[in-house]
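So the protein sequences, as listed, match chains A and B. Start counting the first sequence at 13; every next residue gets the next number (the numbering used here). Start counting the second sequence at 430; every next residue gets the next number (the numbering used here).
Certain hints may be false.
As the list claims (entries may be wrong) - With a straight-line Cα cutoff of 30 Å, these simulated DSS-like cross-link-like pairs (lysine-lysine) come out:
#, chain 1, residue 1, chain 2, residue 2
1, B, 776, A, 94
2, B, 784, A, 64
3, A, 34, B, 727
4, A, 94, B, 785
5, B, 759, B, 785
6, B, 727, A, 63
7, A, 75, B, 436
8, A, 75, B, 759
9, B, 797, A, 75
10, A, 64, B, 713
11, B, 551, A, 75
12, A, 87, B, 776
13, B, 727, A, 64
14, A, 75, B, 743
15, A, 75, B, 713
16, A, 94, B, 436
17, B, 727, A, 87
18, B, 776, B, 713
19, A, 94, B, 713
20, B, 445, A, 134
21, A, 75, B, 727
22, A, 63, B, 784
Derived by calculation from the structure, the hints in this document are not laboratory data.
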Amino acid sequence: MTYPANLKYTETHEYAKVEGNKAYVGITNYAQDQLGDIVFVELPEVGRVVKKGEVFSTVESVKAVSDCYAPVSGKIVEVNSKLSDSPELLNQDPHGEGWICAIEMSDPSELGKLMDSASYAKHAEQGGGHH
Amino acid sequence: MAEELKKTPLYETHLKYGGRIIDFEGWALPVQFSSIKEEHHACRNAAALWDVSDMGELLVEGPGALDLLQFLLVNDIAKGYPGRVIYSPMCYPNGGVVDDMMVVCLKDGKYLLVINAGNIDKDFEWVSGAAKYFRDVTVKNLSKDIAEVALQGPNSERILQRIAKYPLNEIKYYHGVEHVDVAGIDTLITRTGYTGEDGFEIYCKASDGPALFDAIMDADDGDGLVPAGLGCRDTLRFEASMPLYGQELDANHGPLEAGLGRFVAFQKGTYFVGSRALMEQREKGLPSKLVGLEMVDKGVPRTGYKVFDESGEKELGYVTTGSYSPTLDKYLAMAFVPVDYSSIGTKLTVEVRGKKLLAEVVKMPFYKREGKKK
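Construct the complete structure from the given sequences, taking the supplied hints into account.
Below, the structure written as structure tokens:
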């Protein structure tokens, strides 16, 4: 399983793809594989302010319910509304078409606490910790 | 993975086919091989094969066997004859359920009770305990000696026929045949299942289980057969609105509440355990009723979620099983609610993460296959 080098990762299997002052966030390829077929994504409201580590979305597969934790703090400025009708995008293209929302970062220095792709790959390989 | 998990004789087979192993009622079993949705659709449109060796089997035999079963089971086992399969709940005196099972009527007045994996010890104790009060009947727990696989889906007969030395089209729904040679293995085949599709459940000696599974997989010739796990086993039985013990049936919810009245043979002419309580429920009204729910608001209703009235103020009951339905592409649930809220079209709400989402009572089963074979 591969993890793009231009993304930053959390221990709880979210990623942040930085574009300017925005971070596009979603769940990793490892997370979608562990969850299996995703059948519902509860999208956050645009305008909501979240803190790093706060639950911003809930992803449900056939068998499991999984909370997603914000990799960075900030205001949610965009959501991927395609997921309402096509939650399977999270399985098909987790790091791309399956992004969940964009967060306008209030403290970009938080990115420094996230993992790079090599450390995340190792983390996932070892069973992914406590997700 | 905890080491104390029980393994079926097909454990190595699951690994070989790439199964993702989980703990199911203390058993190490695959939740999926490819994906729950893919396996689900394969069963509806082609065929799927499960190891269900975790299921238990009790052999009840002797001249007193029928009397014992008529006493313990709510259905009329006297209607059985060699080759007939009868579904029946087994009740406590208060009408709650000990377990539900398939009774396979064998030759020479023997009966094979196929029971749920999580209930094997409890059932064996219950049935053998009652047997002490009957003459000439013995109860044996064969659960460890028998492997069972389920081949389900419209292409099942075609696939199995390639390796079975018996004309399968002669086996009618809810019937079975003993000692059928399948790829050289001595099997018991019943035309039964837990998916809402046509198909077979095939029993053999535990040690023959892996070879039987492989032989069926290898008999596929472009028929779309896939190995399947527990995940889609649950979504398939859920769409067909078949009860699962511990969810739709338990010690507090009897067969009438679960909508299984057609399996309660009040008229069978003998007393049976639970008959008084069930009769009273029938006359005085049921404490609750199992209904089908379709979500109007988007969300996944899950087992244990609370159900309220339309206003969201009055708590009415709870979801017994809820899921996304891959065949119907809907979010559906079965739930216990008071009878007054059970008619089709009634609006109710389900509490999902603190929000009351609107749902509507709909008919069950959610899914019924076309041209169902009788």
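Right, here's what the structure says about each hint:
1. For the hint pairing residue 776(B) with residue 94(A), the CA-to-CA distance comes to about 28 Å; that is within 30 Å, so the pair holds.
2. For the hint linking residue 784(B) to residue 64(A), the alpha-carbon distance of about 24 Å falls within 30 Å, and the restraint holds.
3. Distance hint between residue 34(A) and residue 727(B) is fulfilled; the C-alpha atoms sit about 29 Å from each other, no more than 30 Å.
4. Taking the CA atoms of residue 94(A) and residue 785(B), the gap is about 24 Å. The hint holds against a cut of 30 Å.
5. At roughly 18 Å between alpha-carbon atoms, residue 759(B) and residue 785(B) fall within 30 Å of each other, so this suggested pair holds.
6. As the CA atoms of residue 727(B) and residue 63(A) are separated by approximately 26 Å, the hinted pair is consistent with the 30 Å bound.
7. About 22 Å separates the Cα atoms of residue 75(A) and residue 436(B), which keeps this hinted pair within 30 Å; it holds.
8. Under the criterion of a C-alpha separation no larger than 30 Å, the hint pairing residue 75(A) with residue 759(B) is consistent with the structure, at around 15 Å.
9. Note on residue 797(B) and residue 75(A): the hinted pairing holds, with a Cα-Cα distance of about 23 Å set against a maximum of 30 Å.
10. A C-alpha spacing of about 57 Å is found between residue 64(A) and residue 713(B), which places the hinted pair above 30 Å, so the restraint is violated.
11. The straight-line distance between the Cα atoms of residue 551(B) and residue 75(A) is roughly 28 Å, inside the 30 Å bound, and the hint therefore holds.
12. Restraint check: the Cα-Cα separation between residue 87(A) and residue 776(B) comes to about 36 Å, which exceeds 30 Å; the hinted pair is violated.
13. A C-alpha spacing of about 27 Å is found between residue 727(B) and residue 64(A), which places the hinted pair at or below 30 Å, so the restraint holds.
14. For a cut-off of 30 Å, the pair hint linking residue 75(A) to residue 743(B) stands: about 28 Å separates their Cα positions.
15. A C-alpha spacing of about 38 Å is found between residue 75(A) and residue 713(B), which places the hinted pair above 30 Å, so the restraint is violated.
16. Restraint check for residue 94(A) and residue 436(B): the C-alpha separation of about 42 Å exceeds 30 Å, so the hint is violated.
17. Distance restraint check for residue 727(B) and residue 87(A): the Cα-Cα separation of roughly 25 Å lies within the 30 Å cut-off, and the hinted pair is therefore satisfied.
18. As the CA atoms of residue 776(B) and residue 713(B) are separated by approximately 25 Å, the hinted pair is consistent with the 30 Å bound.
19. Between residue 94(A) and residue 713(B), the direct Cα distance comes to roughly 51 Å. Violation of the 30 Å bound is thereby established for this hinted pair.
20. Straight-line distance between C-alpha atoms of residue 445(B) and residue 134(A) comes to about 26 Å, which keeps the hinted pair within the 30 Å bound.
21. Distance check on the hinted pair: residue 75(A) and residue 727(B) sit about 17 Å apart at the alpha-carbon level, within 30 Å; holds.
22. Distance check on the hinted pair: residue 63(A) and residue 784(B) sit about 22 Å apart at the alpha-carbon level, within 30 Å; holds.
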